[in-house]
Structure formats: C-alpha cells, structure tokens
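Construct the entire structure; sequences and hints are all you get.
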Amino acid sequence: MDKPLIEIKGVRHAYQTQTGQLPVLDGLVLSVPEGGFSAVVGPSGCGKSTLTRLVAGLLKPDEGEVWLHGELVRGPKSVVGMAFQNPVLLEWRTILQNVMLPLEIVPTKMSRKEREDRALHLLALVGLEGFEDKRPSELSGGMRQRASLCRAIVHKPEVLILDEPFAALDAFTREDLWQTMHAVKAEEPFTGVLITHDLREAIFLADEIVVLSGRPARTQYVMDVHLKGPRDIEHLYTPKSADALNILRHQIQIAQGRAPAGEATQ
Amino acid sequence: MNWKQIAVPIAALVIFGLFWEFLVWVNGWPNYKMASPSDLWPAFWKFRWLFLEYGWDTLWRTVAGLVLAVILGVFLGMIMGLSRIMRDALYPLLVGFNAIPKATVVPIIALLFVGQHDMNTILIAFLISFFPIAVSVAIGLSTLEPEYRDILASLGASRFTIFWKIALPKTLPEFFGALKVAVTLAFIGTNLMEIVEPHGRGLGHLFDSGKISADYPLMFAVLIALALMGILLYYVVVAIEKVFAGWAERAPT
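Residue numbers (our numbering), protein chains in the order written: chain E, 6 to 271; chain S, 250 to 502.
No wet-lab data here; the hints were simulated from the structure. Fair warning: there could be bad hints in the mix.
EDC-like mimics (lysine to aspartate or glutamate), calculated; alpha carbons at most 16 angstroms apart, straight line [to be verified]:
#	chain 1	residue 1	chain 2	residue 2
1	S	414	E	109
2	E	139	S	498
3	E	82	E	109
Below you can see the structure in the form of structure tokens.
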C-alpha cells in the first residue's frame with residue numbers, strides 16, 4: 006500500500022440542534038492511497054455527506070483529524086473537486102463556461118486558450134462533444150451530470166469527492182456514467198471518495214468499500230474489491246460480485262440495526 | 250421579435266378603446282361621469298405643453314425614486330439574504346413599515362422637508378417601491394442551495410467571489426420580477442405626493458387642476474398618460490431583463 010493521500014483519523018462531529026447535540030460521526034477512520042477510489046456506503050442519514058464536507062475542509066471536525074497529502078486540513082483548499090447528486094450547473098453560463106468555472110478560482114498558469122482546450126478535451130472525454138455552447142437547461146439529466154463531472158476535475162484536483170452523483174439518474178444512464186467514470190479515471194487519474202447508496206455502483210467503481218454504521222457513524226466494515234482499474238459491466242454478474250454484494254448487504258443490515266453484529270460471513 | 254408580438258398588444262388596446270367608447274355611448278354617460286376616448290384627444294391637445302412638461306416631471310422623479318429603491322432594496326435584500334440574524338431583525342420592521350398606507354406618510358415627509366418638492370416626491374416613490382425588491386433579493390439569496398456555495402467554497406473562493414459569481418446572477422430573475430412590480434408602485438408614489446401635497450408640478454398636479462376646474466376629460470387624459478408612461482417604463486425593464494437575465498427564459502418546447 007502506498008502512503009495514504011486521504012487519511013481520516015477518529016473523526017467525531019456533531020450538529021447543534023434545538024434539542025441539543027446530534028452526533029453524526031463518531032470514531033470514523035478512512036484512508037485512501039494515492040490513485041485509490043473508495044466508496045462509502047451506509048444507512049440513510051448516517052452522516053455520509055458530512056464526511057465529504059470534512060474532507061473538502063468545509064467543516065471542522067469536533068475531534069480527530071483529516072489529512073490530505075500529509076497536511077492537516079484546516080480549511081477549504083483548491084486541491085479538491087466536488088460533484089453532487091444535483092449537478093448544480095449555472096444556468097446563465099454555457100456548458101463550456103460551467104466547466105471552466107473552477108479555473109477562474111484556482112490560481113493557474115494556463116492561458117485562456119489552454120483552459121478552454123482543457124475543458125473541451127474533458128467534455129469530449131465524457132461524450133459531450135458539440136454541446137459546449139448549449140445551456141444546462143438544454144441538456145438531459147445524465148448529460149448535466151457528465152458536465153458536472155468535468156467541472157469537478159478540470160483543475161486537476163488531488164481529491165475527487167463524489168456525493169451520490171448518479172443517484173437521481175435512471176438505471177441505464179447510470180450504468181453509462183459508471184463506464185464513463187472508468188474512462189475518465191484511465192485518462193485523468195485521481196484519488197476519489199464516492200458516497201453512494203448503490204452497492205452495485207460501489208462494487209463496480211471502487212477499489213475499496215467502507216461501510217459506515219448507523220448514526221453516529223463509525224467505520225464498521227472495510228472491503229477490498231481486489232480489482233484495480235477499468236472493468237466491464239458483466240463483472241457485476243460474476244459469482245464473486247454476488248458474494249461481495251451479499252456481504253455488503255448484510256453489513257448494511259447490521260448498520261441499520263436489523264441484524265445482530267458478529268455473525269458476518271466473510 | 251415577430252410582428253405578432255407587437256400587433257397583438259396593440260390590437261388589444263384598440264379593442265379596449267372601442268369597447269370603452271361604445272360603453273359610454275350606449276349608456277349615454279355625460280363626460281363628467283365617464284369621459285370617452287374621443288373626449289381625451291381634445292384634452293391632450295389643449296394641454297399638450299403642460300402634458301410634456303409635467304409628464305417629464307413625473308417621469309424623472311419616478312425613475313429617480315426607482316433607482317434609489319433598486320440600490321437600497323438590493324442592499325437590504327443582500328443583508329437579509331446573507332445573514333440570518335439581520336433577516337430576523339429586519340423583516341418585522343420592513344413588513345410593518347410597508348403596511349403603513351403611504352398616503353399617511355406623505356404629509357409627514359412634506360413636513361419633514363418643507364419645500365423640497367423634488368426630494369419629497371422621489372422619497373415617496375422610493376418608499377413605496379423598495380419593499381418587493383428587498384424581499385425578492387433576500388429570498389433569492391437565502392434559498393441558494395448549499396451545493397452551489399460548496400462548489401466554489403471547496404476551492405477556497407471568498408464569500409464575495411461566491412456572491413458575485415453565483416448568488417447575484419442566480420437572484421436576477423427574482424430581482425427583475427420584483428422590479429416590474431416596483432415600477433408601477435413607484436408611479437403610484439410619485440402621484441400620491443403630487444396630488445396629496447400639490448406643489449404645482451407633475452401629472453398629479455395636472456390631475457388636481459382638472460378636478461378643481463371640473464375638467465373631467467383632462468382628469469381622464471392624465472390617467473391615460475400615466476398608464477402609457479407605466480407601460481413605457483415596464484417595457485424598459487423588460488428590455489434590460491432580456492440583456493441580463495435572458496437565460497432564465499426557457500425556449501418554448
């Protein structure tokens with residue numbers, strides 16, 4: 006294993022509510038090596054999105070530490086790219102201008118032409134060639150999500166944080182996007198954290214799957230997917246994947262408190 | 250813009266005018282009860298220079314009040330939209346203030362700034378029209394989805410950059426919606442001052458003169474002139490909106 010690029014050490018975080026403190030994360034451990042891609046799954050409302058905000062430096066943990074590239078995270082840094090379930094494209098910009106947005110914030114030595122070329126290159130990579138001058142409202146949900154993905158990686162972030170980016174898409178579009186993800190990763194290597202509710206998505210995309218417990222979430226179970234790099238959709242229908250799926254499903258049931266812990270099959 | 254978009258509203262105006270003329274004729278109303286469109290032309294012609302002069306007074310003071318309303322309304326909206334505490338603090342004040350009939354504020358303003366007719370009129374136009382602008386900007390800013398903020402905040406963008414690049418443009422459609430309401434309100438404000446506290450200027454004064462001299466066609470002519478100016482200013486706002494927030498208009502599907 007390489008030195009971890011993302012390292013989360015025993016993080017605890019609670020939100021202030023009217024009735025007092027609501028702890029969402031407690032004793033969370035996560036470590037992703039450079040070039041790794043970890044999927045984080047867990048029951049609804051277990052604090053997965055809080056985790057992304059911690060890694061991005063948008064939130065400070067109450068306890069514990071988040072390290073990126075050997076540096077303690079103290080605030081937002083331009084080394085992070087984010088994509089959400091909602092593509093949040095800016096309606097008043099064209100697709101190309103949307104993708105170029107991070108380059109207006111992050112200090113870069115690229116000329117205007119180079120920035121535009123890079124954005125166009127990424128758009129072509131995700132299959133949006135010829136759509137650069139369209140407005141977001143003219144694109145389908147899947148296409149908008151592709152553009153949002155381009156925006157998340159245009160500034161070559163060290164860490165890509167994906168917070169359920171495919172959750173609102175239909176099943177066919179989602180599988181298309183999964184394959185696009187592998188194509189993108191082959192060409193533009195990144196270290197990623199994928200928050201998802203979809204266990205098949207986690208198996209198909211990630212190198213490692215982290216199951217979080219119910220709230221307050223701690224790391225309950227870690228699975229190594231034993232596959233590196235691109236894979237075919239057929240891979241999801243092998244006995245090995247079916248076994249992995251069963252284990253994960255069982256872990257989720259434990260996390261939800263619907264199955265007793267300890268009898269996990271592995 | 251095709252010919253239909255111009256012809257349809259004009260046709261509607263003509264039909265409305267004819268219907269009005271017909272109604273007055275059928276009922277045999279004398280013109281002190283209800284003037285008909287054909288009575289208006291002589292009134293316009295007789296006082297054409299006054300209409301131009303007073304119309305200009307009313308127009309520029311309305312626009313000045315509106316500009317003031319935009320500046321302060323956007324400022325207040327920004328404060329309320331970006332700060333929860335300021336929102337809680339200012340909303341009741343603004344709502345309470347807006348609930349006060351402005352006709353009652355006119356004498357207060359007139360007493361406060363005796364003789365400053367231009368300023369008084371602009372002030373009332375402003376007071377009556379800033380509220381919808383402030384509220385719409387505040388709502389636009391406070392309902393910004395957190396993800397929009399996060400995509401820039403995670404890159405280390407400052408609050409100002411986020412406001413300038415995302416929050417402000419995203420609020421523009423709401424802002425223009427409110428501005429269209431504010432335009433007509435500002436006219437009401439200007440005329441309120443001109444009629445309630447007459448100082449010999451503006452279309453409101455012309456209306457008042459018509460009332461005093463029992464020249465009913467003149468009073469109606471003033472109302473029509475005000476309506477026309479309202480339409481004119483409204484479409485100026487529409488044109489500006491097309492330039493700055495045209496993206497919000499979806500192509501017909």
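Between residue 82 of chain E and residue 109 of chain E, does the CA-CA distance stay at or below 16 angstroms? holds (14 angstroms)
Given the hinted pair residue 414 of chain S and residue 109 of chain E, is their Cα-Cα distance within 16 angstroms? Status holds; Cα separation ~10 angstroms.
For the pair supplied as a hint, residue 139 of chain E and residue 498 of chain S, confirm whether the alpha-carbon distance does not exceed 16 angstroms. holds (14 angstroms)
Going through the hint list in order, the structure satisfies each hint without exception.
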